[in-house]
Amino acid sequence: MDGVRYPKENNLYKKKEHTQIGQSKPRIDGVVKATGAGRYCGDLKFPNMLYGKMLTSPHAHAKILSIDTSDAEKIPGVVKIITHKDVPSLKYGLSPARWDENVLCIDKVRFVGDKVAAVACVDEETCYKALKAIKVEYEVLPAVLDYRTAMNEDMPQIHEEYANNINTEIHHVFGDPDEAFANAYHVRTDVFEGQRTYQCPIEPHSAISIWKDDKLTVYSSTQSVHYFQYYIAREFGLKMGDVRVIKPLVGGGFGGKLEPTGLEYNGSVLSKLTGRPVKMFYDRAEMFAHNRGRHQGHYEVSTAVDKDGKILGLKVNFLLDGGAYTSLGIATAYYSGGLLPLTYDFDNYQFDLMRMYTNLPACGAQRGHGAPQPKYALESHLDNVARDLGIDPLELRKRNARKPYTNTCNGMGIQTCYLTEALEKLEEITDWKEKKEKGLPKGRGIGMATGSFVTGAGYPIYRNDYPSSSCMLRVNEDGTSATLYSNAMDIGQGSDTVLCQMAAEAMGYRYENMKIVTGDTEVAPLDFGAYSSRQTAYCGWTVKRAGEEIKAKILETAGFMMHIPPEDLECEEGIIYSKSRPKVTPITFEEAAKKYFIIKGPLVATGVYTVPRLGGYHKGAAVATSPCYSFCTQAAEVQIDEETGEIEVLHAWDVHDAGQIINPALMKGQVHGAFGMGVSETIWEEVVFNNNGKIMNADVGGYRIITAQDMPNFTNDLIKSNDEPATPWGLKEIGEGSNNPTMGAVRNAIYDAIGVNISTLPLSFEKVWRAIKEKKEQEQISE
Amino acid sequence: MIEGTYKKGVVILSNFITDNQGVKRYLVTIKVNGMEYTKVVKANTLLVNFLREELDLTGTKKGCELGDCGSCTVLLNDKPVNSCLILAIEADGMSVTTIEGVASTSNMDIIQDKFLEYGAIQCGYCSAGMILSAKALLTKNPKPTEDEVRGAISGNLCRCTGYINIIKAIMAASGQEVSN
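Sequence lines, in order, name chains Z and C. Mapping of the first sequence onto numbering that gives the first Met the number 0: residues 0 to 782, in sequence order. Mapping of the second sequence onto numbering that gives the first Met the number 0: residues 0 to 179, in sequence order.
Derived from the structure by calculation, the hints contain no laboratory data. Computed from a predicted structure; not experimentally measured. Just to be clear, a hint being listed does not mean it is correct.
What the hints assert, rightly or not - Among chain Z residues calculated to face chain C with C-beta under 7 Å, some are: (1) Q22; (2) A33; (3) G35; (4) D42; (5) F45; (6) P46; (7) A707.
The beta-carbon is built from N, C-alpha and C at its ideal position, and this holds for glycine as well.
Next up, chain Z with everything else stripped away, as it sits in the complex (with noise of 0.2 Å):
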């Protein structure tokens, strides 16, 4: 066989722990995305195709009284134009407990950027020739702009269902946490402010629609290609057989391309009523009209420790603006308390919450769901508890770690978990103890946080009760290569590259002669899709299942070929090997599998993975399970500028308990592009509002996400470990756990650095600057 080397001695072969994952393995989309080869949906093209494009709503909120489109219509190159009455009323959303949208909008409109019609014409310009000739005339009904009074009885009301413009309301006492508060050696409260923020890809969604006949074909920008087909597939009345959703290249998704838009909606009623492809996309402006970002939200967080700064109960109030419609906003709100209690021991633990329904645009799942504004809001708090019980705010995590095969207050069951050791690691590479003894020159700071995520979320977005994840391997006919269909999705993330290492690892086999095929649900089975940080474990199951069945087949045919027991046969980087025997001649994983074909046909094996059966039986217990959590630490050191306030983050540090590690490139890419979103939100990032609803800043100019200029020089740091017992070979999630220390490191080392707490994000230069400006007049009245 070309390319393979038989070695001089078989001894050679003793089976090394791994040949294909904890290795550096190239993307597997490199070279098409280095090149720019690579399709994204944006670039695709089609016969015939029309341009689509959505009128949206200039008021927060408003009634409709009319639209006339007959001007519109006789413009040339104006194809086709729709209003409500031409789509299904069936209201859809994402959080199935809360379907709350329409396709275009009945009665009335409820935000800023809300759909009106839709109008497909043959080409981009002529969209907004016909876009601006549609006449609406509305009624402006008085708007709810301001979340924390949105719930008073004189405010209008959003959505008749939801009184007092309610969306969710949660209480959650587990323990006894008015007794721990009661028997308390020392009780704080602190109160901070989280801002909205936006994923903010850099690839704008687009989706192009292609009806034909009974069948429904989507190309989309997308997250999930299930759920596209479920929900789109249910708002038409149609079979899910009949929807075909494909995801080309995406381009960055943060939680954000989770769910169907007015885009794929639209463009699918456009194009069964035209017979023609119909693409539709959104500028970088209506991404921010359609957002699903980060909740704002107001946190309250009261916690009772003893005199060592151990955590007897914690109580924490928190409410959210979820904007117009609910989107995922259910789940945000669950994980918004329901994950707190990961990274720190205790048993008593009062969650109450309440997400408004706004006039602003909907709020949903960005990266760390619902978990990252709570996090900054606790580990601040605990500095300031560290602070008035005079321990090191490191120490004080350090007594109160979460320990590994334990339980949470709330149900969710931890297996291994080496938040102990990071801790240690974390004191040992920031030098910690000689910065905080010797202190850090004038203007300064050191903080540090932790951080902890799901590695899938144990449950799907709608209730069914499919597996969470499948796949199908297949070795090509000669055994030259192998391809695996996967519904996992990549945007970015790399889950491609992994999953192709893990399957090759599991066939024996190399990660070079492996193929992929996914995003396209006729051709690969059912998969969840990226969120909740859930395809290297649960597509790594899959791909590990089918692989080691590939393997058993493929060694059980060398036995047959080399007069060897199959289980005496080893597999290892595509030589197959007697185990006992090293002076047999090896076979090759092609020579093997080519003569399976011969003989037996196609070379396929599948794969299945169904979470097993997690939490308990309160209201919303579902949320922030996991079969497995991973534990970060990380630290930030900041130079502020006394003068005019700028912040500059001079370094990071990352200690990570993530496992085996699967593709160390990938997993330090995840990590610093988290760490750089979180110190982006923290300091910079804020979508502005003016006293109408409408978004002041929705451009990457004016909502300012971080640049190469301001990331920090990073460190990386791992516990190494391989032992947890719920995932492929002990791996855990990097890609959202890592964003949930960075803001309250970075507020706890700006704390340091000025000493005022600034309880509203962003900490802007200007807020500091403001802050250490009262304090030096609060310095100069005291004297």
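The hints should help you fit chain C onto chain Z, whose structure is shown.
Just chain C now, kept in the frame of chain Z:
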């Protein structure tokens, strides 16, 4: 090259035809990745749309169409520009390098190689612009400092990587030592 007359610093192209709605269309010749293309475009046709729609060079991405994100960076006469802020008629007679022109048929550029080696690509949407900005930098300044690298790509937004691996890849492409 279109013959034009200049009036108050504005180039007035004389080489146009007018359609039945009175919209003027101009004949432009732009050298893209070494090949000359002559096309008829509207005055408001953006260079990025010329590349993507007229020439099907979709490696150049659109992220904001406002000059904020840098996804559409191309080299115009070897200088990095946001092709969403340039009209196709402004590029008339000029030479454009897009990502499709960076790699030769058989080999990737060293910058592209290092982007793969250092894990500098995640979703890939910013990569084309990033690589072209890096290429412009290294052509002008073959041994940049890390600060110069950060400066050169500060107009290219990336939401995935936190930039660290990108900076390392560019430093490595310049032949400088990088800790990994």
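Right, here's what the structure says about each hint:
1. The closest approach between the C-beta of Q22 (chain Z) and any C-beta of chain C is roughly 12 Å, which is over the 7 Å cut-off, so the hint fails.
2. A least Cβ separation of about 4 Å between A33 (chain Z) and chain C falls short of the 7 Å threshold, and the interface hint therefore holds.
3. Because the closest C-beta pair between G35 (chain Z) and chain C is about 2 Å apart, less than 7 Å, the hint holds.
4. For D42 (chain Z), the suggested interface contact is upheld, since its CB lies about 4 Å from the closest CB of chain C, less than 7 Å.
5. Interface restraint check: F45 (chain Z) against chain C, minimum CB-CB distance 13 Å, threshold 7 Å, status violated.
6. The beta carbon of P46 (chain Z) comes no nearer than 14 Å to any beta carbon in chain C, farther than 7 Å, and the hint placing it at the interface is violated.
7. For A707 (chain Z), the shortest C-beta to C-beta distance to chain C is roughly 4 Å, which falls under 7 Å, so the interface hint holds.
Checked against the numbered hints above, the structure violates hints 1, 5 and 6; every other hint is satisfied.
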